[in-house]
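Please take these sequences and the hints and turn them into a complete structure.
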Amino acid sequence: MFCSFQRNPGNSQFRTIEDDLVTALIKSGCIPENHGDDMKKMSFQRCARTDKGVSAAGQVVSLKVWLIEDIVKKINEHLPPQIRVLGFKRVTQGFNSKNNCDARTYSYMLPTVAFSPKDYDTGNKADFRLEQTTLQRLNRLFSLYKGTHNFHNFTSQKAPNDPSARRYITEMSCGEPFICDNCEFAVITVRGQSFMLHQIRKMIGLVIAVIRGYAKEEVMERSWGQEKVDIPKAPGLGLVLERVHFERYNKRFGGDGLHERLEWDQEEEAIKSFKEAHIYPTIVETECQEDSMVSWMSSLPIHDFEATATETKDDKDQKLDNPDRGNESD
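Numbering (the UniProt record's numbering), first residue to last: 1 to 330.
Keep in mind that the hints are not guaranteed to be accurate.
[Stated by the list, open to error] Each pair of labels, with its calculated beta carbon distance range:
| id | residue 1 | residue 2 | range |
| --- | --- | --- | --- |
| 1 | Gln289 | Glu171 | 29 to 35 Å |
| 2 | Lys64 | Gln132 | 48 to 54 Å |
| 3 | Gln136 | Glu69 | 50 to 56 Å |
[Said to hold, decoys possible] Straight-line C-alpha distance at most 20 Å; calculated SDA-like pairs for lysine to any residue:
| id | residue 1 | residue 2 |
| --- | --- | --- |
| 4 | Lys52 | Ser295 |
| 5 | Lys74 | Met220 |
| 6 | Lys27 | His78 |
In case anyone wonders, no lab produced these hints; they're calculated from the structure.
Nothing here was measured: the structure is a model prediction, and the numbers come from that model.
Backbone N, C-alpha and C fix where the C-beta goes; we use that ideal spot for every residue, glycine too.
Here is the structure:
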């Protein structure tokens with residue numbers, strides 16, 4: 001288990017994906033050893049950050065490397081199976097994977113018992129089946145997020161009048177349920193320009209609270225207003241960075257004859273295989289063993305969706321756990 005994607009220089013206590021990636025880049029001969037101590041020397045930039053418990057199947061990083069033969073194969077030889085480099089493309093001189101990214105697509109895999117009525121015995125989660133009428137209502141609620149809204153209530157320590165809290169969502173929906181290890185699951189997909197810390201988990205948490213009958217639908221509209229609303233944050237397990245999009249870059253440079261389009265159709269089969277081998281089984285196995293969703297559901301009654309919150313539990317936890325941490329993508 002990795003603590004997160006982003007490396008924490010000088011902190012060897014928590015292993016991150018970037019730690020292993022940088023080590024592999026050095027061992028494979030892609031970068032000089034001193035670049036591992038100062039990632040700015042190789043202009044390293046990740047497209048999105050992922051916290052502990054969150055997975056990535058379509059992460060992109062940009063950096064300057066020596067173009068060695070069979071570069072992808074040689075890097076992977078020094079990586080553990082749960083970390084894979086799936087593709088490699090040459091880009092423009094000033095390319096920055098974070099700044100050049102137009103949008104990000106995430107998925108969230110969860111047991112459908114999360115959408116059960118509040119009086120349902122969650123101890124029988126294997127017997128629960130999501131009805132079509134509930135799925136239709138779910139997708140109607142998720143569609144309310146589409147467009148530009150003030151998501152200051154969906155992150156930590158963000159003022160209602162902070163312009164950076166306005167985020168643009170283009171897609172959000174829940175797919176058809178399926179059975180895995182005798183339990184029914186479903187996958188929620190969301191695409192937006194960018195996301196703040198915890199935003200997606202809170203978007204899903206609020207809809208679950210509405211579906212289960214703990215909150216009224218009107219709370220969703222109220223949460224985009226000026227008042228502070230205490231919104232529950234769904235577990236991190238199940239959240240996956242699926243893909244990052246570079247449409248403006250592709251339009252400007254993809255047809256100039258010098259640069260490749262940043263699309264991953266050729267890697268699609270490898271991405272699918274990676275998810276089926278390393279991401280989905282981990283989500284299902286961990287959920288079945290730890291009951292993270294069912295455990296989180298038991299906390300929904302403590303949230304008061306009618307009152308105006310002066311400070312949410314997440315804000316307090318944020319100050320206690322890491323007072324200097326800024327906003328970042330889910």
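Check each numbered hint against the structure and report the violated ones by number, ascending. Violated hint (a single one): 5; every other hint is consistent with the structure.
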